[in-house]
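Protein chains: 2
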Amino acid sequence: MNKTELFSQIRMKRSFLCIGLDTDILKIPGFLKDTGDPVFAFNKEIVDATHDLCVAYKPNLAFYESQGVAGWVSLEKTVRYIREKHPAIFLIADAKRGDIGNTSSLYARAFFEQMDFDAVTVAPYMGEDSVKPFLAYPGRWVILLSLTSNKGASDFQMEPMASGEPLFEKVLKTSLRWGDAGHMMYVAGATKAQELARIRRIIPSHFLLVPGIGAQGGSLREVAQYGMNAECGLLVNASRSILYASGDDGFAEAARNEALNLQVDMEELLLEAELL
Amino acid sequence: MNKTELFSQIRMKRSFLCIGLDTDILKIPGFLKDTGDPVFAFNKEIVDATHDLCVAYKPNLAFYESQGVAGWVSLEKTVRYIREKHPAIFLIADAKRGDIGNTSSLYARAFFEQMDFDAVTVAPYMGEDSVKPFLAYPGRWVILLSLTSNKGASDFQMEPMASGEPLFEKVLKTSLRWGDAGHMMYVAGATKAQELARIRRIIPSHFLLVPGIGAQGGSLREVAQYGMNAECGLLVNASRSILYASGDDGFAEAARNEALNLQVDMEELLLEAELL
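Chains as they are written, first to last, in the numbering used here: chain A, 11 to 286; chain B, 11 to 286.
Note that these hints are calculated values from the structure, not bench results. Be aware that a few hints might be false.
Since the list gives no way to pick out one identical chain from another, each pair is judged satisfied if it fits inside one copy or across any two copies.
Stated by the list, open to error - Listed below are the simulated BS3-like cross-link pairs for lysine-lysine, each with C-alpha atoms no more than 30 Å apart in a straight line:
no., residue 1, residue 2
1, K161, K54
2, K95, K43
3, K161, K142
4, K87, K43
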């Protein structure tokens, strides 16, 4: 999916919501545990209940890997289900991968060939040759970590370089040479909305994947104020606040209500920005 | 496995070799492709042929993930086989993971509970709370990236911070507060042996996992000269040079010969350092 198509989906759905499929087998309703594949059964109900309200789903690989082979089966089924039922949904593997070139090539094969993801999140620490193999796939995306939403972001990302800029800005500027706004997005933590303005000055036209809305506490209005551009340029993620809105058999309806609340807020922000 | 036990294995085997199981289904001998699980069949032969010459195996997760569910099955079988046959071998998941705390907890569950690895490689970019969950498992290890062996290491790791030190030194110093030499090791790229001396000044007693011997071109003697400490303190990895020493049905014997060459060199270096 290219950038124009993504913006078109955002306008059509009046939403820039990404739903994080952080599906924890310990948290899903008990009655699903009698199905053969509870994680897939849960994801399927979430997707059925929310697909018209979001433009992207983002399975978090850790949750699937923690279940071993069974988890990988649930993941592949989830990806296939979304692809078949809702081919225009943008699918992100939240994997935070990154290794030497020949290894990153294999990760790219895993997410773009073995599975049919549109994008994968990549960690920048190992530099250009750890990222480039993911950019070799036309129509697929790298979503590079720049500023994350967790406390540990202050350990290195916010630390000043000799040039005066913090590391995350150095990551933004250096990685601009690796691929353009048609192939790269950036993770930009929403708990630091003021920082979004600085990020936007460096990368005015790139899409940002913004975690930290909901359970992590970011403000949607601030994110839009500082981060929105002429093509929206935002995918705002919520995971736990939607998935676990209710722990009983009404979980899918509760998830829809949470997603709907966000979609309504997003529609208002898109209208205010005159993008609809 | 604790540090004393690891050093004891090194003395017993007269080797500090780690064999990287970067098993690429496209590179393994054709005759194995008729077996039900060629990747496991290959790994089993490699392990049978080399287990007395190395102290650690390091499956590279990307190679397994690139095969989807089948790859994950091969990985779990490989780990189980090594654990059952050679319980004193140190098992490293080369996964380069790292995410917000609740997600890193799930990765830790994947590698330390779902599978029975001793250690996992972790990327530092997201800071303390992305690393800590891996340290919550007694007797398990974090191997944190500091200076890697690839070209892209110069993009950020070698870049100077405002304090004057390069980022990888900042990573070393900051992470010293997270866990001690009994729970953390560091990846230190062997293609820059001079840098090992600087790393050793900061972390004199930690084990270093050194990639880049063999296909990546590092010198074993230089690594020992600059990196060895009183408990050896080194795990030196070779992957492709051993696994693909021969592409035909003599591959296991050829792998053994390559591993033996390294073990003999390592024994000499251990003797020179008076550690045997």
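Exercise. So which hints don't hold here, by number, going up?
Worked result: 1
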